[in-house]
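*Asks:* Take the given structure of chain A and dock chain B to it, following the hints.
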Amino acid sequence: MIAANVRQEIHNLLGPRGYLDQGPDLSLYEYDGSIDKAKPDIVVFPKSTEQVAAIVKLAARNQLAIVGRGAGTGLSGGVIPRAGGIMISFARMNRILEIDLPNERMLVEPGVVNLDVTLAVQRDGYYFAPDPSSQRACTIGGNVAENAGGPHTLVYGVTTNHVLGLEVVLPDGTVIEIGGPETDLPGYDLTGLLTGSEGTMVLVTKAWLRLMRTAETVKTMLAIYETTDAAADTVAEITAKQITPAALEMLDGPMLRMVEEATHAGYPMDAQAVLLIELEGLIESVESQLEPIRATCLACGAREVRLAKSAEERDLLWKGRKNAFGAIGRVSPFYYVQDGVVPRTQIAPTLRRIGEISREHGVQISNIFHAGDGNMHPIILFDARKPGDVQKAVAAGEAILDYCIQVGGSITGEHGVGMEKMELMTKLFSDDTLNMIASFKSLFDPQCRLNPGKLLPTGKGCMEIHHAHATPAATY
Amino acid sequence: MSLFQPDSAEALAAALAQAAHDRQTIETGGAFSKVRAGGPRGGAQLTLSTAKLNRVLNYEPRDLTLSVEAGMPFAELSALLATNQQMIPLDPPYSATATIGGVVAANSSGPRRRWFGTARDLIIGMQYATMEGKLVQSGGMVVKNVAGLDTGKLHIGALGTLGVMTVLNFKLLPMPVDTRTFAKEFATAAEAIAERDRILKSTLQPMALDLLNPAAARTLSLSGFVLLLEAGGQPNVLDRYARELPGFAVVDKTFWARINGFTESFLAAHPAGCVVRISSKLTESAPVLTAFAGPVIMRAGNGVAYAYCETPPAKLPPLKCVIEYAPEPRPAGMDLWPAPAADFDLMRRVKDMMDPHHLLNPGRLYGKL
Numbered sequence: 001m002i003a004a005n006v007r008q009e010i011h012n013l014l015g016p017r018g019y020l021d022q023g024p025d026l027s028l029y030e031y032d033g034s035i036d037k038a039k040p041d042i043v044v045f046p047k048s049t050e051q052v053a054a055i056v057k058l059a060a061r062n063q064l065a066i067v068g069r070g071a072g073t074g075l076s077g078g079v080i081p082r083a084g085g086i087m088i089s090f091a092r093m094n095r096i097l098e099i100d101l102p103n104e105r106m107l108v109e110p111g112v113v114n115l116d117v118t119l120a121v122q123r124d125g126y127y128f129a130p131d132p133s134s135q136r137a138c139t140i141g142g143n144v145a146e147n148a149g150g151p152h153t154l155v156y157g158v159t160t161n162h163v164l165g166l167e168v169v170l171p172d173g174t175v176i177e178i179g180g181p182e183t184d185l186p187g188y189d190l191t192g193l194l195t196g197s198e199g200t201m202v203l204v205t206k207a208w209l210r211l212m213r214t215a216e217t218v219k220t221m222l223a224i225y226e227t228t229d230a231a232a233d234t235v236a237e238i239t240a241k242q243i244t245p246a247a248l249e250m251l252d253g254p255m256l257r258m259v260e261e262a263t264h265a266g267y268p269m270d271a272q273a274v275l276l277i278e279l280e281g282l283i284e285s286v287e288s289q290l291e292p293i294r295a296t297c298l299a300c301g302a303r304e305v306r307l308a309k310s311a312e313e314r315d316l317l318w319k320g321r322k323n324a325f326g327a328i329g330r331v332s333p334f335y336y337v338q339d340g341v342v343p344r345t346q347i348a349p350t351l352r353r354i355g356e357i358s359r360e361h362g363v364q365i366s367n368i369f370h371a372g373d374g375n376m377h378p379i380i381l382f383d384a385r386k387p388g389d390v391q392k393a394v395a396a397g398e399a400i401l402d403y404c405i406q407v408g409g410s411i412t413g414e415h416g417v418g419m420e421k422m423e424l425m426t427k428l429f430s431d432d433t434l435n436m437i438a439s440f441k442s443l444f445d446p447q448c449r450l451n452p453g454k455l456l457p458t459g460k461g462c463m464e465i466h467h468a469h470a471t472p473a474a475t476y
Numbered sequence: 001m002s003l004f005q006p007d008s009a010e011a012l013a014a015a016l017a018q019a020a021h022d023r024q025t026i027e028t029g030g031a032f033s034k035v036r037a038g039g040p041r042g043g044a045q046l047t048l049s050t051a052k053l054n055r056v057l058n059y060e061p062r063d064l065t066l067s068v069e070a071g072m073p074f075a076e077l078s079a080l081l082a083t084n085q086q087m088i089p090l091d092p093p094y095s096a097t098a099t100i101g102g103v104v105a106a107n108s109s110g111p112r113r114r115w116f117g118t119a120r121d122l123i124i125g126m127q128y129a130t131m132e133g134k135l136v137q138s139g140g141m142v143v144k145n146v147a148g149l150d151t152g153k154l155h156i157g158a159l160g161t162l163g164v165m166t167v168l169n170f171k172l173l174p175m176p177v178d179t180r181t182f183a184k185e186f187a188t189a190a191e192a193i194a195e196r197d198r199i200l201k202s203t204l205q206p207m208a209l210d211l212l213n214p215a216a217a218r219t220l221s222l223s224g225f226v227l228l229l230e231a232g233g234q235p236n237v238l239d240r241y242a243r244e245l246p247g248f249a250v251v252d253k254t255f256w257a258r259i260n261g262f263t264e265s266f267l268a269a270h271p272a273g274c275v276v277r278i279s280s281k282l283t284e285s286a287p288v289l290t291a292f293a294g295p296v297i298m299r300a301g302n303g304v305a306y307a308y309c310e311t312p313p314a315k316l317p318p319l320k321c322v323i324e325y326a327p328e329p330r331p332a333g334m335d336l337w338p339a340p341a342a343d344f345d346l347m348r349r350v351k352d353m354m355d356p357h358h359l360l361n362p363g364r365l366y367g368k369l
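Line by line, the protein sequences give chains A and B. Taking our numbering, the leading residue of the first sequence gets 1, the next gets one more, and so forth. Taking our numbering, the leading residue of the second sequence gets 1, the next gets one more, and so forth.
The following block holds chain A by itself, in its conformation from the complex (with noise of 0.2 Å):
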């Protein structure tokens, strides 16, 4: 429950359709993408920055927790509001702002939807490269906050590779420009540093994105599998090859049946793994790599190497991949994304273990990943309803990840630490480390109100340090 008087200044602040207050309605911002629950005392919709300095200096005038909000297609928790407080959604600021083609950039508010971007300068050549498999209803302000990849984002980099410079609200509502839109600004790179910070320092309001020229030519190939092991050679084979793909995305034979039954694009059922494979740039450049390819997954025991022949025929490959998580839905009521992260020649070992991980949770788990850069995604199938599966779920999750620590990976490449992995940032990081992203987070939030009880783990967030950092004693 929101404060009368708290409720009262935001409906003065933003009107009476401007915030959402009623339990049903409260209901609809209780989750993301991933498992974990909690309302929101009030979500509010501000259009300006404006807006959002003034919520943003109510909150802390009545000490409210604040979590910021794009389409909530988040898969870590990331704005799970479990501390309740204001949910300040991004909705209605998702204006593009300007399209500058010639300096080859673009300025977005957060609501903006990712696809959206490249949509509106799709018809001049350009593009915005990272393209999560969200990216249909995700957002510019989320991709930020989680430092959000996808397929694509193999050779061009994930979205701090993308993000030049942010317009942000600060936790006392103070409004700052970083970086801009030029490169190599003088300074310490915050941009860096804020980009991926989940949403616990800084509230994201404008973004200066990098536009990219839409290559020449694509080719997709798909290479069809008898065993993950052949196509995770594969992986490695190309890899090591230094052969560098646009994208290189993988599917177990399980997941390539329920993309192929709800999409029907072109999978084959009777297969135990497949390649996507995506070419791009020169044509010369591109029809040369292709028989390379081709030879790698021959040689590495592929049954057969399609080549897409017509657009329509790469789209409905991509749509099965992007929309698969859509397909599994048809399949089991429930599931769980895991994001873990291994070199590139761990990824056949990594599969087999998972196998064995399956086995002994006994839940069934598919995989389907951009095996390109190692990430990892297997999708845990359980059913929330049955008593003790969801904790066979979660159990089955971390034995992954544990796994990917063990081989020299990471326990997420691109959908963020949030609350669910919290816990686990203390397998991969020591404390120093630790301590010091803590201390970053108090110099921004000091009162830990912005997003709290995400990214580090219980014991070090920040209100539970001693904050060492006292006023300096030096003046410039």
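Since the hints were made in silico from the structure, they are not lab data. One or more hints might be untrue.
Taking lysine to any residue and the SDA-like style, the derived pairs with C-alpha atoms no more than 25 Å apart in a straight line are [what the hints assert, rightly or not]:
#1 171/B <-> 402/A
#2 57/A <-> 345/B
#3 134/B <-> 127/A
#4 171/B <-> 127/A
#5 201/B <-> 164/A
#6 309/A <-> 292/A
#7 184/B <-> 115/B
#8 253/B <-> 127/A
#9 134/B <-> 281/B
#10 281/B <-> 203/B
Partial pick of chain B residues on the chain A-facing surface, computed with a CB cut under 10 Å [as the list claims (entries may be wrong)]:
#11 148
#12 162
#13 239
#14 273
#15 280
#16 344
#17 353
Simulated restraints, written as ranges between beta carbons of each label pair [unchecked claim]:
#18 42/B <-> 99/A: 45 to 55 Å
#19 97/B <-> 332/A: 34 to 44 Å
#20 299/A <-> 236/B: 56 to 66 Å
#21 98/A <-> 333/B: 30 to 40 Å
#22 395/A <-> 339/B: 35 to 45 Å
#23 4/A <-> 58/B: 52 to 62 Å
#24 201/B <-> 298/A: 34 to 44 Å
#25 339/B <-> 98/A: 17 to 27 Å
#26 174/A <-> 197/B: 32 to 42 Å
#27 17/B <-> 364/A: 45 to 55 Å
#28 339/B <-> 8/A: 35 to 45 Å
Quick reminder that beta carbons are idealized off the backbone N, C-alpha and C, glycines included.
*Replies:* For chain B alone, kept in the frame of chain A given last:
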């Protein structure tokens, strides 16, 4: 004043903590090749060198990843990677002497940044030592990783003012099968810029695209405004560039070594000289190219330009710029960073947190941090 060359990251971190405890000022470096980079230096009570932290910790060519200590010379590292046809395509100045840590601390980059990006795009993880004597990790050894906060980004280009990088992890790039360099001379900046715009709007994907003003062109025995482009790939790809770059001559690849070494040779020849680094939008190229009397070399696909001045400029033009390299010692009253932006106050707070007593390379970040 004393020089300490620790042979482990732990010893380096301990030295920082001790100096912080004793309130000693510290200067840090690798090979100290870029002594003229950034703000005032010298006079520190302790000089810390990473020169003995020079081991490759983990190099898995099949994973295209590398973990290396910060004191490894860039040239030695590049030679090692070349044995597997791999590279870290930063093209830094002082490449023969600089360490990889120094390259990253100065955020050095070069012509091929158009296609490959800069250190912030190539580094997948790092370890750095703090003034509290801690060793902190950022990122890891996989090419995609969002666990934790990307605090390492702050150290790239910080000129050692926040901590000392001890280990750097890179994603590696395969070397192109072959390359070809193209050049074209133009009578006016406008014509050169128009051709640059045409190339950027085409489907060509040059690795490097530089624009030189006449004073810079003369040093390469060229004249007028010059567009210099490097393409990589199979011979038929390079032939395609030749077809789509009418009027361009194929020139010797060694031009790039001279471009990359330009800063070093200019500063050696001009002890009182400066290099101004300008961050501009592509649409601001004309004023950037004509604002300086001396040589200007512009990364024409990124808008970052370097202007070479034989004497310190009395006044910098109204562009976003810093004096990246200055005379040694710095002339009194020289303002290297005349117009910090709105985010400067936050940078100051970051510095205060990492180095509360301002002992670490004080003022090295262009006299301001």
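*Asks:* Are the hints correct? Go through all of them and say.
*Replies:* Hints, verified against the model:
Taking the CA atoms of residue 171/B and residue 402/A, the gap is about 23 Å. The hint holds against a cut of 25 Å. For the suggested pair residue 57/A and residue 345/B, the alpha carbons sit about 20 Å apart, so the restraint of at most 25 Å is met. Proposed proximity of residue 134/B and residue 127/A is contradicted: the alpha carbons are some 42 Å apart, above 25 Å. For the hint linking residue 171/B to residue 127/A, the alpha-carbon distance of about 24 Å falls within 25 Å, and the restraint holds.
Simply put, residue 201/B and residue 164/A have alpha-carbon atoms about 21 Å apart, close enough for the 25 Å limit, and the pair holds. This hinted pair checks out: residue 309/A and residue 292/A have alpha carbons roughly 18 Å apart, not beyond 25 Å. Of the pairs offered as hints, the one joining residue 184/B and residue 115/B holds, with about 20 Å between alpha carbons and a cut-off of 25 Å not exceeded. Our distance criterion of 25 Å between C-alpha atoms is broken by residue 253/B and residue 127/A, whose separation comes to about 32 Å.
Restraint check for residue 134/B and residue 281/B: not satisfied, since their Cα atoms lie roughly 39 Å apart, outside the 25 Å limit. A C-alpha spacing of about 21 Å is found between residue 281/B and residue 203/B, which places the hinted pair at or below 25 Å, so the restraint holds. Hint status for residue 148/B relative to chain A: holds, with the closest Cβ pair at about 6 Å, below 10 Å. Residue-level restraint check for residue 162/B holds (minimum Cβ-Cβ distance to chain A is 7 Å; threshold 10 Å).
The beta carbon of residue 239/B is positioned within 10 Å of a beta carbon in chain A (closest approach about 8 Å), and the interface hint is therefore held. The interface hint given for residue 273/B is violated, since its Cβ lies 19 Å from the closest Cβ of chain A, which is over the 10 Å cut-off. Interface restraint check: residue 280/B against chain A, minimum CB-CB distance 6 Å, threshold 10 Å, status holds. Annotation: residue 344/B was flagged as interfacial toward chain A, and the flag holds, the nearest CB pair being 7 Å apart, inside 10 Å.
Residue-level restraint check for residue 353/B holds (minimum Cβ-Cβ distance to chain A is 5 Å; threshold 10 Å). Taking 45 to 55 Å as the suggested C-beta distance range, the pair residue 42/B and residue 99/A conforms, at roughly 48 Å. A hinted range of 34 to 44 Å for the beta carbons of residue 97/B and residue 332/A is inconsistent with their spacing of about 59 Å. At roughly 24 Å, the beta carbons of residue 299/A and residue 236/B sit outside the given window of 56 to 66 Å.
Judged by the Cβ atoms, the range 30 to 40 Å given for residue 98/A and residue 333/B holds: they are separated by roughly 39 Å. The supplied range of 35 to 45 Å is broken by residue 395/A and residue 339/B, whose beta-carbon atoms lie about 55 Å from each other. The given range of 52 to 62 Å is respected by residue 4/A and residue 58/B, whose C-beta atoms sit roughly 59 Å from each other. Between residue 201/B and residue 298/A the Cβ separation comes to about 39 Å, which falls inside the hinted range of 34 to 44 Å.
Between residue 339/B and residue 98/A the CB atoms are about 22 Å apart, so this pair conforms to the stated range of 17 to 27 Å. Taking 32 to 42 Å as the suggested C-beta distance range, the pair residue 174/A and residue 197/B conforms, at roughly 38 Å. Distance hint check: the CB atoms of residue 17/B and residue 364/A are about 51 Å apart, consistent with the given range 45 to 55 Å. Distance hint for residue 339/B and residue 8/A: a CB-CB separation of about 43 Å, consistent with the stated range 35 to 45 Å.
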